[in-house]
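Engineer: Please take these sequences and the hints and turn them into a complete structure.
Protein sequences appear in the order of chains A and B. Residues are numbered in the numbering used here as their position in the first sequence, beginning at 1, plus a constant of 206. Residues are numbered in the numbering used here as their position in the second sequence, beginning at 1, plus a constant of 538.
Hints are not guaranteed to be accurate.
[What the hints assert, rightly or not] Listing some non-contacts, in silico: residues in chain A with all C-beta distances to chain B over 12 Å:
#1 P232
#2 A233
#3 T265
#4 N271
#5 E290
#6 K304
#7 F308
#8 G329
#9 N336
#10 A386
[Stated by the list, open to error] Across the chosen pairs, the derived CB separations fall in these ranges:
#11 A:G309 / B:R966: 34 to 42 Å
#12 A:K220 / B:E1167: 31 to 39 Å
#13 B:I1397 / A:A243: 51 to 59 Å
#14 B:G1471 / A:G309: 30 to 38 Å
#15 A:K220 / B:M1396: 32 to 40 Å
#16 B:A1432 / A:D267: 50 to 58 Å
#17 A:N366 / B:T1159: 55 to 63 Å
#18 A:D326 / B:T1159: 28 to 36 Å
#19 B:S1224 / A:L351: 43 to 51 Å
Think of the hints as simulated: they come from the structure by calculation, not from any bench. All values derive from a computational prediction rather than experimental measurement. Note that beta-carbon positions come from the ideal geometry of N, C-alpha and C, so glycine has one too.
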Amino acid sequence: MSRETKPSLDVGLKDVTGALQRATSPAVRDARYAVEAFNAIYCAVLDDGDLEDWPEFFTEDGFYNIVSRENYDHGLPVGLVYCEGKNMMKDRAMAIAKTSMFGPRYLRHFMTNTRILGIDDTGTIRSETNFILIEVLAELPEGRLHMAGRMQDIFETQGNGSLLLKSRIAIYDTLLVHNALVLPV
Amino acid sequence: MDWFKTLETRQVLEQGAIATEVDGLRIALWAVDGEVYATGNICTHAFAYLTDGHVEGGCIECPLHQGLFDIRSGKALSAPVSKDIATYAVKQEDGFVWVDINTPAQQLEEAVTTAHVIGSDDRTLVVIGAGQAGAETVIAVRKHGFGGRIVLIGSEAHMPYERPPLSKELLAGVTTIEDAYVFQAGQAAELQVKMMLGVSVSAIYSNDKTVRLSNGETISYDILVLATGARPRKLVVSGSDDTRIHYLRDLHDAEHLGAALKTAQSVAVIGGGFIGLELASAARKLGAKATVIEAQPRLMTRLLPAAPADYLAGIAKQHGVSIELGARITNVSDKGVGLGDGRLIDADVIIAGIGAIPNDDLASDADIKTHDKGGILVDVANRTNLAGVYAVGDVAVRQERPGGPFQRMESWQNARLSAERVARHITRHSPVAEDAPWFWSDLFGATIQIYGQTDPDMAVVRRDGDKAPVFLGQDAIGRVKCVIDFGDPSALRAARSLMANGQPLATGGSEAGDNEEDDMKQQSFESRFVWPAEGLTRVPDWVYTNQDVYDREVERIFQGPTWNYVALECEVPNTGDFVRSYVGPTPVVVSRDEDGEVHVFENRCSHRAAEFCRELRGNSTEFVCPYHEWSYDLKGNLAGVPFRRGANGEGGMPADFNAADHGLRKLNVTKRGGVIFASFADNMESFEDYMGEAMLTDFDAVFSGRKLKLFGHYRHTIMGNWKLYPENLKDPYHATLLHTFLVTFGLLVAGNKSAMICDPKGRHSTMASAKSDKSVSDENKKEMRAYRDGMTLSDPRLMDYVPEFDSPWSVTMQVVWPNLIVQREMNTLGVRQLVPNGPNEFTMIWTMFGYEDDDEEMIRHRLRQGNLMGPAGFLGLEDNEAIKFVQDGMLNSAKPANHMVQLDPDVPAGTSETLISEAAIRALYQHWREEMGV
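Structural biologist: Below is the structure:
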């Protein structure tokens, strides 16, 4: 039987020696630090902050998609969440915060293993970061690994030096979603 | 003072309740007893428009939770509302209603909270037939609050009376007709029923909704109840035209027969049913000789099993009645009855009790459906095929569910039960659990009672106590279904409890019903799972939580005669393409062979059962089980067995091993519009017949032949029973209540055209709604303004609907029983495949798609709209959570109980025109019970 072919989007992994070399450059180290600092705030807002602040991590024309690895590997576009532009993210944040019914729960995001794939002249950073999402329901003792995967990101550096997401695609390995995914990852 | 001109007074008076808006305030205008009132239009309890509610007796009942407000005073009258609604002063000028939003209405001294019901309804109920059933209908309909006119038409001059005494006390002269009247003295006047007695109806004109009377008068009706009863079957035999033969149907017959019996020396009773035996009993009591002549080889062949019938014959003989069985009557005369063997049964009084013929001519002349064997066909609620026309009592032939048996019953109890049923339906009350059939007869000084459904072929157990014996009739698995008692009411009570517990009767002398709970597993499925007596308005928890019920579902439904969705053709476009799929919980592989044919086979190696195909999808020339490398072709045939002939001449398969016998288990396959279905059952009906015309129309709107373009999948589990998912899509009631999003952003608002359509069997369904057109769209916006805290969409493209379907609906959610949901939520399209994982959990596999001819923007539009659905969708996540909550409730409750699904009693089960309905859920369980045999 034929194996599913892996997409060749991440050229970095084809050249391990080169990737190790590039990781030592100061620009990459700075970018990695900036992305990690960004993601720490991003996770804090989703876990402990106000959901309606979540769109503020994106540029006006930002793109956000949560797509299964199954679809991603086959080049299929359908995602659990699909937002074109910050306005769609605002609508989602408001709809979930103000109108949605779901059982009470705590969610905690972890983002690690940040890799800088490229930095261009305008300060645009392409990176990948692994994520896991732990969900704890009020009535159950254990937290459950709700989702695991990787973020494929494009950051734009703003005039004040801070980053905003131009695109975030959360590619999840945990194909079978448990009951519901109530918040963004 | 701040007067605003609102609507025309005429409009308010005509409609009774209208919503309007004055200076940003939502105001309701009401007409009560010709007066106009204005109040706030939003319930003080939860967000709902009071004008969508039900007005009665000067009060408005909120549509959401039935809180009651007095319209005149604004007072909150009943839980859950506790805060009054605002009232506003009104005046009427130039034909318009003016409202002063700063001044409350003048308070009345004492608010009127209830009004007497009569006169509150402008409909007219006409009841044809003033027997017991007709009169009981009148009493019951008033009891349940019917406020319209009632006309009761009867051909006899007497007030309505009960008929059982005609062959008993009344015949014997012990009581008078007044004792048998249905109405108590003064009751007819109190009920305000117009009695038209001594008049018959000559025709019904259902188009004009009128009936014509024998006196030429015409009466209009809005609701018609046919209680036309039955007439005695006449004996036709040599001499029957010239000989006085008595029949017993009405008071006139009883008076003549009573007089004749007083002087009779010998009485011949033709017909060995209950009437015949009662008359023989009466004759013996008066000292006459009595002979019962029956054509069948025993008494009551159509009603009772042999044992109790023979016992009854024995009693009759003990009391001196001669019984002639298997007798053919050749002639009747003044001397008596001549039999086929040449004998003459001496008789100076001849009575025939050989059955009754339903009076259904009026009905059949008016195109009301009747049964081949006579009687008016009615459904579970005693409705005929014409809207607003019912039939009750002896004339009604009732079919409780489509495909079920037809039953016509001539009994006092049936007159009463059918009247109650119709009255509840007319007044929009839910059906209630009914007592089993019950019948009694007074014979030879004792009372025989029959309780339950008798069947002449049923097995019977006789129990002899210290009094008269009791006969217990059983069904095929030994449960007690009826009790025939010959005069011991305590035995009857005990037997009724045996019937209620639904256990098979223990054999070997031990008392029935004392099985230990540990033995439950040993008992038959049917006796363990007994549906609640209330019928389809209740669904017991075990339907959703029991493993044995689940196992039977897999066997009888998923592996039974059903078409199960497995894949879309666009997922396997090329030779060698395959996907892993499921039929029920069973893993299957869908593959396309070299000839372009699609095959579906079980994903289980013939050798050692390995689930050999592990990839979700792919392309291959063959399937190889990784364990021992048995290989199968794209059709599922066994192609290769390694070392089949052994090695070095040793080992290997037996010489007679035939690979052709050991292919994978193949399923039948059918396709329509690019959708692939499979079935474990052979001889499946075509998919087109399986769906039926109405369901195919909705299906074909999505799968019209436009080539599908695959967008991808998502998968999720739900911690609930799998049926809760199709139920959710047969439950339009939840849409605006659970999904606040729909209402907040105007996707589904009051006034949208919508429907809950079921196929005739109740298994498939479409929940449909049409996005409002432009003019209503403004209305939507107005309603959306109710949320003044800025809840509008920043990117309203989510709500756009691009018309592209040959359908009046912009949204259809179709359940194709048992495992498919076709989603057409405006322009976001998908199929959802349901895979059960035991009673308490299931997986949903969603396949989202568009069409090959979509341009880039249309693809994006479909993806954007996809945010509504799925496990992270604005609507989808709520459904998943709600289903989990339901399962939690059942699994964690103190003891198992029943769900309540009784909204919309107008429709017992099936398609409903209102969204506030659970009729489609009832239809589903009507079908499920048939499939499952419970």
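Engineer: Is the nearest CB of chain B more than 12 Å from the CB of E290 (chain A)?
Structural biologist: violated (6 Å)
Engineer: Lying within 28 to 36 Å: is that true of the beta-carbon distance D326 (chain A) to T1159 (chain B)?
Structural biologist: violated (45 Å)
Engineer: For the range 32 to 40 Å, tell me whether the beta carbons of K220 (chain A) and M1396 (chain B) fit it or not.
Structural biologist: holds (36 Å)
Engineer: Given a hinted range of 50 to 58 Å, is it respected by the beta-carbon distance of A1432 (chain B) and D267 (chain A)?
Structural biologist: holds (55 Å)
Engineer: For the hint 31 to 39 Å, verify it against the beta carbon of K220 (chain A) and that of E1167 (chain B).
Structural biologist: holds (33 Å)
Engineer: Please verify that the nearest CB of chain B lies beyond 12 Å from G329 (chain A)'s CB.
Structural biologist: For G329 (chain A), whose nearest Cβ neighbour in chain B is about 27 Å away, the distance exceeds 12 Å, so it holds.
Engineer: Evaluate the condition: distance from the CB of P232 (chain A) to the nearest CB of chain B exceeds 12 Å.
Structural biologist: holds (39 Å)
Engineer: Mind checking the hinted window 51 to 59 Å against the Cβ distance between I1397 (chain B) and A243 (chain A)?
Structural biologist: violated (36 Å)
Engineer: Is it true that S1224 (chain B) and L351 (chain A) lie within 43 to 51 Å of each other by Cβ?
Structural biologist: Holds: the Cβ-Cβ distance is about 46 Å, inside 43 to 51 Å.
Engineer: Measuring from beta carbon to beta carbon, are N366 (chain A) and T1159 (chain B) in 55 to 63 Å?
Structural biologist: With a Cβ separation near 59 Å, N366 (chain A) and T1159 (chain B) satisfy 55 to 63 Å, so the hint holds.
Engineer: Would the least Cβ to Cβ distance between A386 (chain A) and chain B come out above 12 Å?
Structural biologist: violated (4 Å)
Engineer: Over 12 Å to the closest beta carbon of chain B is the bar; see if K304 (chain A) clears it.
Structural biologist: Given a closest Cβ separation of 6 Å, the condition is violated.
Hint violations for this structure: numbers 4, 5, 6, 7, 10, 13, 18, all remaining hints satisfied.
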